[in-house]
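J.: Below are the chains, spelled out letter by letter.
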Amino acid sequence: MGAETRQPAPAGLLPRAPLLPGSVVDGWLLEEKLHTGGMAHLWRVVRDPAAVPLPAAAAELARSLPLIMKVPRVKGGEDPATIVGFEVEQMILPTLHGVHVPRYVARGDWSRQPYIVMERIEGPTLRPRLDEAPLAIDEVTEIGARVAAALHELHKQHLVHLDVKPSNVMLRPDGSAVLVDFGLSHHDRLPDLLDEEFTLPMGTGPYMSPEQVQYVRTDLRSDLFALGVMLYHFTTGERPFGAPDSVRGLRRRLYVDPVPPRALRSDCPPWLQEVILKCLEVKPERRWQSAAQLAMALQDPSQVPLTARAGKMQTQGLIRGLKRWFFAVGAEPRSTPATPVVSQVMRNSIIVAAIDVDSATPELLEHLRETVRRIVLTEPGARLACVSVMKTARLGLDERMDTAGRSLHVNRLVGLKHWARPISKALDLNEGRMTFHVLEAPDAATAIVEFAERNQVDHIVMGARGNSALRRYLGSVSSQVVAQSPCTVTVVRV
Amino acid sequence: MRTALVTDLHANRQAVQAVLDHAAAQGVDGHAFLGDFVGYGADPAWVVDRVREHVARGAIAVQGNHDAAVARGALPTMRPDARRVVEWTREQLEGAQLDFLAGLPLQQTLGDMLFVHANAYDPPAWDYIQGRAEAVRSMHATTARVTFCGHMHEPRLYHLSVVGKAGEFEPVAGEAIPLLGSRRWLAIPGSTGQPRDGNPAACYAIYDDDLAELTFWRVPYDVEAAGSRILHAGLPAALAARLLDGR
Numbered sequence: 025m026g027a028e029t030r031q032p033a034p035a036g037l038l039p040r041a042p043l044l045p046g047s048v049v050d051g052w053l054l055e056e057k058l059h060t061g062g063m064a065h066l067w068r069v070v071r072d073p074a075a076v077p078l079p080a081a082a083a084e085l086a087r088s089l090p091l092i093m094k095v096p097r098v099k100g101g102e103d104p105a106t107i108v109g110f111e112v113e114q115m116i117l118p119t120l121h122g123v124h125v126p127r128y129v130a131r132g133d134w135s136r137q138p139y140i141v142m143e144r145i146e147g148p149t150l151r152p153r154l155d156e157a158p159l160a161i162d163e164v165t166e167i168g169a170r171v172a173a174a175l176h177e178l179h180k181q182h183l184v185h186l187d188v189k190p191s192n193v194m195l196r197p198d199g200s201a202v203l204v205d206f207g208l209s210h211h212d213r214l215p216d217l218l219d220e221e222f223t224l225p226m227g228t229g230p231y232m233s234p235e236q237v238q239y240v241r242t243d244l245r246s247d248l249f250a251l252g253v254m255l256y257h258f259t260t261g262e263r264p265f266g267a268p269d270s271v272r273g274l275r276r277r278l279y280v281d282p283v284p285p286r287a288l289r290s291d292c293p294p295w296l297q298e299v300i301l302k303c304l305e306v307k308p309e310r311r312w313q314s315a316a317q318l319a320m321a322l323q324d325p326s327q328v329p330l331t332a333r334a335g336k337m338q339t340q341g342l343i344r345g346l347k348r349w350f351f352a353v354g355a356e357p358r359s360t361p362a363t364p365v366v367s368q369v370m371r372n373s374i375i376v377a378a379i380d381v382d383s384a385t386p387e388l389l390e391h392l393r394e395t396v397r398r399i400v401l402t403e404p405g406a407r408l409a410c411v412s413v414m415k416t417a418r419l420g421l422d423e424r425m426d427t428a429g430r431s432l433h434v435n436r437l438v439g440l441k442h443w444a445r446p447i448s449k450a451l452d453l454n455e456g457r458m459t460f461h462v463l464e465a466p467d468a469a470t471a472i473v474e475f476a477e478r479n480q481v482d483h484i485v486m487g488a489r490g491n492s493a494l495r496r497y498l499g500s501v502s503s504q505v506v507a508q509s510p511c512t513v514t515v516v517r518v
Numbered sequence: 004m005r006t007a008l009v010t011d012l013h014a015n016r017q018a019v020q021a022v023l024d025h026a027a028a029q030g031v032d033g034h035a036f037l038g039d040f041v042g043y044g045a046d047p048a049w050v051v052d053r054v055r056e057h058v059a060r061g062a063i064a065v066q067g068n069h070d071a072a073v074a075r076g077a078l079p080t081m082r083p084d085a086r087r088v089v090e091w092t093r094e095q096l097e098g099a100q101l102d103f104l105a106g107l108p109l110q111q112t113l114g115d116m117l118f119v120h121a122n123a124y125d126p127p128a129w130d131y132i133q134g135r136a137e138a139v140r141s142m143h144a145t146t147a148r149v150t151f152c153g154h155m156h157e158p159r160l161y162h163l164s165v166v167g168k169a170g171e172f173e174p175v176a177g178e179a180i181p182l183l184g185s186r187r188w189l190a191i192p193g194s195t196g197q198p199r200d201g202n203p204a205a206c207y208a209i210y211d212d213d214l215a216e217l218t219f220w221r222v223p224y225d226v227e228a229a230g231s232r233i234l235h236a237g238l239p240a241a242l243a244a245r246l247l248d249g250r
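Protein chains in written order, with this note's numbering: chain V, 25 to 518; chain Z, 4 to 250.
To be clear, the hints were calculated from the coordinates, so they are not data collected in a lab.
We put the CB at the ideal spot given by N, CA and C, even for glycine.
Among the clues, some could well be false.
[Claimed, not checked] Simulated DEER-style distance windows between Cβ atoms:
no., chain 1, residue 1, chain 2, residue 2, range
1, V, GLN480, Z, ASP84, 46 to 52 angstroms
2, V, THR60, Z, VAL166, 20 to 26 angstroms
3, Z, ALA28, V, ASP324, 43 to 49 angstroms
One chain only, chain V, in its complex shape (with noise of 0.2 angstroms):
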């Protein structure tokens, strides 16, 4: 990013001279213009060979990968939706990983020419498919369990795409879903530019979530609705909410019904129809809670539960009363199934987390964390010990001491409670029922087992060496823990 210049500059304000083929912006040279959306043109771009060399990595994908800069279109001096959004998508971008992002190479700054250079995905979007809506059975599925499953990864990544329709959503020859433009998205670990920018809801009017149209910008169940409306057009051939133009017409969608897609085609099976109108719930607790749990539904349908929603054949009409109280007798399942998992666990009194803080990834401490955070949720009486291995040579004395000259025991100690503390906030732990060790010992799987046994532990909870070359030579410590343990033993593998 050698080329950006840091002088502070009214951004999108600068004239600039217009681009066209030929032109090098940034060593980026401009071949052919692809398309002119509302929002920013698309070109097709390759590095110029004569222009300053790129640091490695981006080096590699402008060698290796077809590429687009994309460009925004800032009419005029005032247009803060589009700069606003495009701040948003350089934001996002760079920090998305995977097949269902287009790969992130460069973006060019404001000062000078704003653009965004990333992978050109082969393949085309969905849009033209709505044309042909209705599609057949198995293509919607099909195509909403692709979608699901690229929405969870990115779900996972921290992201909330907020702007999911067709025409963000490409396919890749092997068929793999695709989501493009993160000008409306929100990511939770990245500043919110768009949070409190506008006093318009952000979104694809179609698309767009209750929750949405209400100034929510975090629940990723927004994601499922917009979904939803995606799978109901594409099986009924009409759009669930029509496609308002207001902040009135969009509010619509809060109280009034979208016709059961049953009664607009009737092979729609049932079960189909469940899990659209499950995820166009007004209340995103009533929707899918997961588009994993969405994407699972689509590909195995005799595991959907049917509720009242798949035999609905008629809207229920306006009147809120009449709604509330079909709602509250008809649309709720009759009773959550129990989960095997929490019976188990409500039986735990003792539990323990072997968690290895020093060498173990951040995604896995992250996840051990998570899990442990479930368990012990579920048992209020539960007491957490958490354990850390220290080793020890077999022979003779060790080197205690590091050469900074603090204790390595203190360090693992204080590294333990580091880990441990989101959990005795979130479950507001007092001292007596969470407690600390260091174990010091020679092998760390017979010393997690002797301190179960002697503890009279009911559960561990540990993680996998994720790297098969270190498992092959050192062994694994949680399988030797499986085998020998006493008790319940939870293994977290990223």
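Since chain V is already given, all that's left is putting chain Z on it; use the hints.
T.: Positioned in the frame of chain V, the structure of chain Z alone reads:
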């Protein structure tokens, strides 16, 4: 260049050492110390010497209100606890260390970056950036695109868009945030020596000015040891207790 931004060290040796170790492991190229090297904690001489060493090697350092108070001596207007800490701290420091604190500049600039302890609009008055209003005032008071300051102990990131809308963000440790050229930014790394957001782990941040990326960090350290140093020094016990839960 990657710069470690360390502020409000407050004579906490254990926290400062942990942060410097963490920054070294991240491969930083330099340091900027944003003031308040002394006060509250029990190892002022050690901490001042670490900052002096870094400054001798080219690091940036600016003066904080505690540094100014210790360099000048206690005032009768101070609360008794604060006066006691200032007097005790002066006893721990040699002439050269006090001279170092007295001679620190109130602000420094480097390229499009401003380093200042409290704010850009009136550094010697030590006003706090308590929210967006003060942050906007500070961002308007400097031509620097990015301001780094301390004084507030909670990590925060403020930003100002071209149309004058300001935003506030509570950062998450370990996530690189691009400080886009389309905005002004004001970053408060949070206190190394006395975090106050309910998390006792020491705060600091790393700014990569080639990529314009800022990463906030939290570093656990031996809070109990730092607390017991305070108690052994005879300083107010509350100063030890607050480290334990980061209040």
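J.: Does each hint fit the structure? Answer for all of them.
T.: Checked hints:
{"no.": "1", "hint": "V:GLN480 / Z:ASP84: 46 to 52 angstroms", "in the structure": "48 angstroms, holds"}
{"no.": "2", "hint": "V:THR60 / Z:VAL166: 20 to 26 angstroms", "in the structure": "25 angstroms, holds"}
{"no.": "3", "hint": "Z:ALA28 / V:ASP324: 43 to 49 angstroms", "in the structure": "46 angstroms, holds"}
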